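Kindly produce the complete structure, drawing on both the sequences and the hints.
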Amino acid sequence: MQLPDSDLLLTYCTNIHPGDGWEEVFANLQRFAPALKERLAPQSPFGIGLRLSARESEELLGENRLREFGDWLRENGLYVALINGFPFGSFHRRVIKEDVFAPDWRDEERVLYTLRLIRILGELLPDDVDGGISTSPLAYKRWIAEGDDAAWETMTRNIARVAAELVQVRRESGKLIHLDIEPEPDGLIENSEETIAFFEKWLLPQGAPLLAEWLDVPLEAARRHLLEHVQICFDTCHFAVEYENPVTALERFAASGIKIGRVQVSSALKIPLPDDAQHRADLSRQLAPFAESTYLHQVIEQHGDGSLHHHRDLSEALPFIEETVAKQWRVHFHVPLFVADYGLFGSTREDIGASFERLRGAAFTRHLEIETYTWDVLPPALKQDLLESIHREYRWVLDELGATDESAETKMTKNEGTSPLLLAQVQQSLQNDGATGANLEMLLDRILGRFGCVVGTIHSFDPQSEMLTLRAQRGIPDSILNQVRAIPIGKGMAGLAAQRREPVQVCNLQTDDTGVAKPGARDTRMEGAISVPLLVDGELRGTLGVSKPQAYEFTPTEIEELQHIGALLGKHLEA
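Numbering (my numbering), first residue to last: 187 to 761.
Hints are not guaranteed to be accurate.
Unchecked claim - Simulated restraints on C-beta separations:
| # | residue 1 | residue 2 | range |
| --- | --- | --- | --- |
| 1 | G248 | P204 | 45 to 53 Å |
| 2 | K757 | W329 | 18 to 26 Å |
| 3 | P204 | N668 | 48 to 56 Å |
What the hints assert, rightly or not - Here are the simulated SDA-like cross-link-like pairs (lysine to any residue), alpha carbons at most 25 Å apart as the crow flies:
| # | residue 1 | residue 2 |
| --- | --- | --- |
| 4 | K283 | E332 |
| 5 | K677 | L726 |
| 6 | K283 | R217 |
Quick caveat, the hints were computed from the structure, so don't treat them as lab data.
Everything numeric in this text was worked out from a predicted model, so none of it was measured.
Beta carbons: idealized from backbone N, C-alpha and C, even for Gly.
Put into structure tokens, the structure is as follows:
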């Protein structure tokens, strides 16, 4: 979709959808793409970033499928300008890890696969748009021995072969298609320095003479062709994991004459590592659900002296989290853009804003592609409705770009932040440690931090006595602690929430004259307060109360989040 008053085109990469074979891929496109267009661009063309495996590229080129697919795109107001040609094989439902880099650019299969993608995009690409095919960072770094010039020469020659085909496509059709090399942590080229070195040491000095010979053009023309048809897929997650300032990296590419074919808009995990051993242990427990078995989640840690050290995968890094020399981790895990932070750790999405600022100042690409592909392997509480999740990713990007009128509701949605991850953390913690007093207090701390509150209580419900019993508290003054240890149903905010089976809130405890709050509540010196019942299939299990030191009315979204948290607490809470 084209952004208002801009040449920028925004799309999303369909590698988010599990599919094996063209029929499954097409079924996913039919299910999601028209529905997203209806929400986001009902009156204008809507782009999709097409992900095709090698098998799917062969199937799409067979029989009459490509023409039928093109007809379907046009009939539904859709178009394809970007193809993801990085993963060669299936991208879901199996262990992938470093196999995502295979076959690498030494292998003829990688070349033939990419040439098929060029044929496909050449047919689908609209006449007035440039197109891009993303590809791997040449190889997995651990597969190439240092000083193996023969490997570099083979890869350079194969990239030049693809560039020659792209030049021919442009000569014959007028369509500009570029191969977008995607630097990635632990790829053979993983940052701006290594990428520029590849262009300056290999692609231009060795690839240009080959291209000049094959195309029968002067050497300088061959260099221009290479820089036009071999560009960079700038993934904001990958460069953030490398601790690269995105603006600096983009400026370095521009100074070297290297173009950006697309910006993949994505966010990584960022974990500050304090010296406190208990805090690091808590971090390790919270990170454990992300150490899943499908994808490679490279970790780059930063030491106090600024030096960087690599771990192959999060699962291999976790045993070293207690080493105090490390001050920060960044993890290659594409997390949702609309999530602000994750309790004890955060994300790198602020780097996306810096990239957008650079884009406003100098339009170095037309293509922005949302690439959050890990929905299938996120912690369970994050797996919300996929269509709604993709829509929220779009809304966040559009808001960041100033492409929408940011109403109060939009701002609230954009900053909902930690709810999905907080739910995952609550669930994981309760499963591991149960509803012990210490664990409930720790969870209460996280809940208070999420909602900007400083006082909180968790009560369980005893159906025999019809009383609420205090299980955990934070910030309750000693002078009123005994008053909240046992609360009758129907008395005070917690009692009323339990009685009504619905949230009860007061904007200002200090001035409230409704009688909802008990007289002792003013002694907390809090103002904005809410109590929600802990319900499991309609059965009361207790209450959760939080309050903050300023007048405040909790939003419907915040109330819904608290109710979700309450349901998880309730499942583990017994009188």
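Review point. Taking the beta carbons of G248 and P204, is their distance inside 45 to 53 Å?
Key: Given a distance of about 22 Å, which is not inside 45 to 53 Å, the answer is violated.
Check your understanding: Okay, K757 versus W329 on CB: inside 18 to 26 Å?
Key -> violated (46 Å)
Review point. For the pair supplied as a hint, K283 and R217, is the alpha-carbon distance within the 25 Å limit?
Key: At roughly 28 Å apart (the allowed maximum being 25 Å), R217 and K283 break the hint.
Check your understanding: Are the Cα positions of K283 and E332 separated by 25 Å at most?
Key -> holds (22 Å)
Practice item. For the range 48 to 56 Å, tell me whether the beta carbons of P204 and N668 fit it or not. Key: holds (55 Å)
Exercise for review: Compare the distance between the alpha carbons of K677 and L726 with 25 Å, and conclude whether the hinted pair is satisfied.
Suggested key: Holds, because 16 Å separates the two Cα atoms, which is no more than 25 Å.
The structure shown violates the earlier hints numbered 1, 2 and 6.
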